[in-house]
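Undergrad: From first to last, the protein sequence lines stand for chains A and B.
Our numbering puts the first sequence at residues -13 to 303.
Our numbering puts the second sequence at residues 16 to 271.
Hints are not guaranteed to be accurate.
Result set (DSS-like, lysine-lysine): computed pairs, CA atoms no more than 30 angstroms apart in a straight line [claimed, not checked]:
1) Lys56(B) - Lys25(A)
2) Lys71(A) - Lys269(A)
3) Lys56(B) - Lys289(A)
These aren't lab readings, by the way, just hints derived from the structure by calculation.
These figures come from a predicted structure and were not determined experimentally.
As a plain string of letters, each chain reads:
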Amino acid sequence: MSLDHAISRFVHDGCHLSIGGFTVNRNPMAAVYEIIRQKKRGIHLYAHSNGQGVDELIGGGCVDRLEIAYAGNGRFAPTCVRFRKAVESGELVVEDYSNFQMSLRFTAGAMGLPFLPVKSGIESDIANQWGFKPAARRSDEKIPDLKLCIIDNPFGRWADTTRLVLVPAIEPDVSIIHAQTADSSGTVRIDGLAFTDIEQAKAARHVIVTCETIVDTRQLRKQPERNQLPFFCVDAVVHLPMGAYPTACYGHYDYDPGYLNDYRNYAQNDEHHRNYLDRYIFKTKDHAAFISLQPLHRLNKIKADPDTGYATGLNRL
Amino acid sequence: MTQNYNMMELMICTASRYLEDGKTVAVGTGAPCATAMLAQKTISPNLVILFEAGGIAPELPSMPISVGDSRTFHKAVMAAGMSEMMTTCSRGIVDYAFLGGAQIDKFGNINSTVVGDYYKPKVRFPGSGGANDFASMCWNTLIMTVHSKNRFVEKVDFLTTPGYLTGPGSREAAGLPDNSGPYKIITDLAVMGFDDKTKTMVVESINPGATKEQIQENTGFELLFSDNLSSTSEPKPEELKILREEVDPTKLVIGR
């Protein structure tokens, strides 16, 4: 399936969307840019420690509500710039969780459970401050009535635990992940860190997988222990080389410090950011056209070293 | 005497001495990561470094800039996902959490979410990430931050990450593991621990060039000073050499 078709088919205005990846690593960026290009609006977005993908979707005007644990891009933007602006101006409603809470919420969704218990979050403002107010929650059937719930251990002091936080499942309308390898039916192989991508995918009603390489099913079946997601969990597979760029894709390319530094500078100024969107996203017809705008010397520098899986010696200042 | 190191180098070298050999440490990005790398190359060759995105016990030849960086699992024993790492913390087998933060109060509670009102913040920060999880579930939390009145506040605007909450017994009453909590705060002016009785911050050692008055002036609450107040040792030449040449040769962290 082509990316524009997959996005127009599964990502709708106001939908609940979850994107994989972690900070500046293996975000499904081609899909993010296509969502911006198609001017989707009113999205309810979920991630855990996402960075660039979340920030671009917010900057692209696509997101109304956000549930996350963290929005930062390491040294390129310790707090994501468009995220910060949108929250400080009150344009974006955020509900904060911790990383483990978010990964358990996706796991609960992936298991078809209403919630899972966790030890972290008790007596913090993550438990006490709710991004979505109770009335708003009750009037929206796609948001649970409670942000979370603290209970006494119903098994007494079993497992040496007295109290627990129950965090509600997330069941996104659609999850999008970018993987190194898939076959055309949707079986997925992720190399390196999986983050919470698989749980995010399994929790969703629809799943779009973009990948660096499409291989024959027989190749994936030779080493089934290396595959993480079976084809029957996936709705659309899109072959997209450099599909995580400018974030890293282990074994293929590193994050691009040049792009990410430039992006931070554009994002800090509304007019520059509008010009950025125009030039790189609205005026490019697809991801290949977007990639062709990037200077070749930069793309060459981020090529992964076969020994390490990242660009050894890359200047990351 | 002119000093031949900057404040970041001083903090990293000081903090590295608190990471005991053979222990496990969950580290955040930046200075905490550099500190764990330095400790591994000096006093604690068997220190086990863990990253929340799933890098387990890597050998780190170059500095990751995010806890999800591909560098976090270079020659690691496992490259897993977030659940693997967090369930390990939840199991109670991770010794140290090593964090930064925007604000910290006298009980070691940390804010990395907002300055001002949560719904209309003056400044929005990235949020908890794994910080709340680590400080809730690992045994000892180390915190590294610059010492200023804006950061050391009477009350944090948003309690992202629990320290000793409201004082003695409050972590246990909340349901957090017994005998867990903040352990050391390392700043550019001092090293602080926590008073056993009150669970409030107590200055244990003063950094080279700093004074008691200066430390108190840069703190937004009344500090305790230990009866055994000592002086923080200067960074040793070999620590500085390893930090500059092996841990962070391109000055991603120490250059700031």
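Undergrad: Against each hint, give a clear statement of whether it holds in the structure.
TA: Status of the hints after comparison with the structure:
no., hint, in the structure
1, Lys56(B) - Lys25(A), "violated (50 angstroms)"
2, Lys71(A) - Lys269(A), "holds (25 angstroms)"
3, Lys56(B) - Lys289(A), "holds (29 angstroms)"
Of the numbered hints given earlier, the model fails hint 1 alone.
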